[in-house]
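So in my numbering, spot 44 of the sequence shown is number 44, and the numbers just go up one at a time.
Keep in mind that the hints were calculated from the coordinates and are not lab data. Some clues are possibly wrong.
[To be verified] Computed Cβ-Cβ distance ranges for the label pairs, DEER-style:
(1) Arg49 with Thr9: 12 to 20 angstroms
(2) Lys35 with Val13: 28 to 36 angstroms
(3) Asn36 with Thr12: 20 to 28 angstroms
(4) Leu37 with Asn7: 13 to 21 angstroms
(5) Thr12 with Met55: 15 to 23 angstroms
(6) Asn36 with Thr57: 13 to 21 angstroms
(7) Lys35 with Leu58: 17 to 25 angstroms
(8) Lys3 with Met55: 14 to 22 angstroms
(9) Lys35 with Arg56: 31 to 39 angstroms
(10) Thr57 with Ser27: 15 to 23 angstroms
Note that CB positions come from ideal geometry on N, CA and C, so glycine has one too.
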Amino acid sequence: MKKTDPNITRHTVSTTVTLTNGVPIESVSNIHGHKNLRTTHYYTRVLNRKVSYYMRTLK
Numbered sequence: 001m002k003k004t005d006p007n008i009t010r011h012t013v014s015t016t017v018t019l020t021n022g023v024p025i026e027s028v029s030n031i032h033g034h035k036n037l038r039t040t041h042y043y044t045r046v047l048n049r050k051v052s053y054y055m056r057t058l059k
């Protein structure tokens with residue numbers, strides 16, 4: 001069994017489970033215990049990059 005980095009797990013949950021399913025970013029911030037919403041905004045940048053990548057592959 002491959003060992004998983006806890007931070008990768010947090011990022012995956014934030015981008016694929018919560019944000020893509022319409023959970024408000026404030027809720028995601030609370031779930032992760034972020035004191036500053038800017039910390040949570042990092043996850044939206046990751047999500048936007050993934051969307052941009054997939055859109056380019058469709059062309």
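Results of checking the hints against the structure:
At about 19 angstroms, the beta-carbon gap between Arg49 and Thr9 stays in the expected band of 12 to 20 angstroms. Taking 28 to 36 angstroms as the suggested C-beta distance range, the pair Lys35 and Val13 does not conform, at roughly 19 angstroms. Distance hint for Asn36 and Thr12: a CB-CB separation of about 21 angstroms, consistent with the stated range 20 to 28 angstroms. Take Leu37 and Asn7: their Cβ atoms lie about 19 angstroms apart, and the range 13 to 21 angstroms holds.
A C-beta distance of roughly 20 angstroms is found between Thr12 and Met55, which places it inside the suggested range of 15 to 23 angstroms. Distance hint check: the CB atoms of Asn36 and Thr57 are about 34 angstroms apart, inconsistent with the given range 13 to 21 angstroms. Distance hint for Lys35 and Leu58: a CB-CB separation of about 38 angstroms, inconsistent with the stated range 17 to 25 angstroms. Under the hint 14 to 22 angstroms, the C-beta atoms of Lys3 and Met55, about 33 angstroms apart, miss the expected range.
For the pair Lys35 and Arg56, the beta carbons lie near 35 angstroms from each other, so the given range of 31 to 39 angstroms is met. In this structure, Thr57 and Ser27 break the distance hint of 15 to 23 angstroms, their C-beta atoms being roughly 30 angstroms apart.
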